[in-house]
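Given only the sequences and the hints, what does the whole structure look like? Please build it.
Read top to bottom, the protein sequences are chains A and B. Counting from 1, one number per residue, gives the positions in the first sequence under my numbering. Counting from 1, one number per residue, gives the positions in the second sequence under my numbering.
Think of the hints as simulated: they come from the structure by calculation, not from any bench. There could be a bad hint or two in this list.
Claimed, not checked - Just so you have them, the derived chain A footprint on chain B, three or more residues with Cβ under 8 Å:
id : stretch
1  : 28-42
2  : 63-72
3  : 98-106
As the list claims (entries may be wrong) - With a straight-line Cα cutoff of 35 Å, these simulated DSBU-like cross-link-like pairs (lysine-lysine) come out:
id : chain 1 : residue 1 : chain 2 : residue 2
4  : A       : K2        : A       : K67
5  : A       : K2        : B       : K13
6  : B       : K13       : A       : K42
7  : A       : K67       : A       : K97
8  : A       : K56       : B       : K13
9  : A       : K92       : A       : K2
10 : A       : K92       : A       : K56
11 : A       : K42       : A       : K2
12 : A       : K42       : B       : K26
13 : A       : K70       : A       : K109
14 : A       : K2        : A       : K97
15 : A       : K97       : A       : K56
16 : A       : K92       : B       : K26
17 : A       : K109      : A       : K67
18 : A       : K56       : A       : K67
19 : A       : K2        : A       : K109
20 : A       : K109      : B       : K13
21 : B       : K13       : A       : K97
22 : A       : K67       : B       : K13
23 : A       : K70       : A       : K2
24 : A       : K42       : A       : K70
25 : A       : K92       : A       : K42
26 : A       : K2        : A       : K56
27 : B       : K26       : B       : K13
28 : A       : K56       : A       : K70
29 : B       : K26       : A       : K70
30 : A       : K42       : A       : K67
31 : A       : K109      : A       : K56
32 : A       : K67       : B       : K26
33 : A       : K70       : A       : K97
34 : A       : K56       : A       : K42
35 : B       : K26       : A       : K2
36 : A       : K92       : A       : K109
As the list claims (entries may be wrong) - A few chain A positions that, by computed beta-carbon distances, are all more than 10 Å from chain B:
id : residue
37 : L11
38 : P14
39 : S26
40 : R41
Quick reminder that beta carbons are idealized off the backbone N, C-alpha and C, glycines included.
As a plain string of letters, each chain reads:
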Amino acid sequence: QKEVEQDPGPLSVPEGAIVSLNCTYSNSAFQYFMWYRQYSRKGPELLMYTYSSGNKEDGRFTAQVDKSSKYISLFIRDSQPSDSATYLCAMKAAGNKLTFGGGTRVLVKP
Amino acid sequence: DAGVTQSPTHLIKTRGQQVTLRCSPKSGHDTVSWYQQALGQGPQFIFQYYEEEERQRGNFPDRFSGHQFPNYSSELNVNALLLGDSALYLCASSLGADDSPLHFGNGTRLTVT
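This is the structure in structure tokens:
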């Protein structure tokens, strides 16, 4: 079983809809949680970086962390065609080694 | 403000050959990490360099080695290439060896034939 599980998708939504993404994990030592966006032929771009359980909001993006359930989520409001990309969750314990999920491909249709 | 830059962008090698990939960290960053991303998968941690030393290593064989220079730039070397080494190799930089966010470059696409 992988340490971090993420549905590969693809997840197809109409423009303006809310995109809901999530990951589950098994390692209780993970303390820091991130979401990255990756466009085709590009490197991952950091969207959200959180430490504690709870919600964090940045513009159209909201990240949720539930450490008791080992479950993290990312919500994208008012989705745009430019949000079409692969979204990667990542997490780490102390230090800087990231463990990634496999990524969810998202397609926002005009 | 220059982000993380990697060279070359694409590379084709033959089985058994050796390859060197290069990375310049984001301005102000002193730590470099390398990741391997196979097609359709998430990145896998190879190793991290801080203060010119390898600080952490993932589950990769000794064929994978690296170096960090005094200006914080880094190289990834892979010897005796296998077909399975074909992947996108990503460099990420951060400030300090511990808990700051990682910023990634656009990677080097390595194809082994």
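Starting from the hint list further up, note which numbers the structure goes against and sort them upward. Those not satisfied are hints 2, 8, 20, 22, 40.
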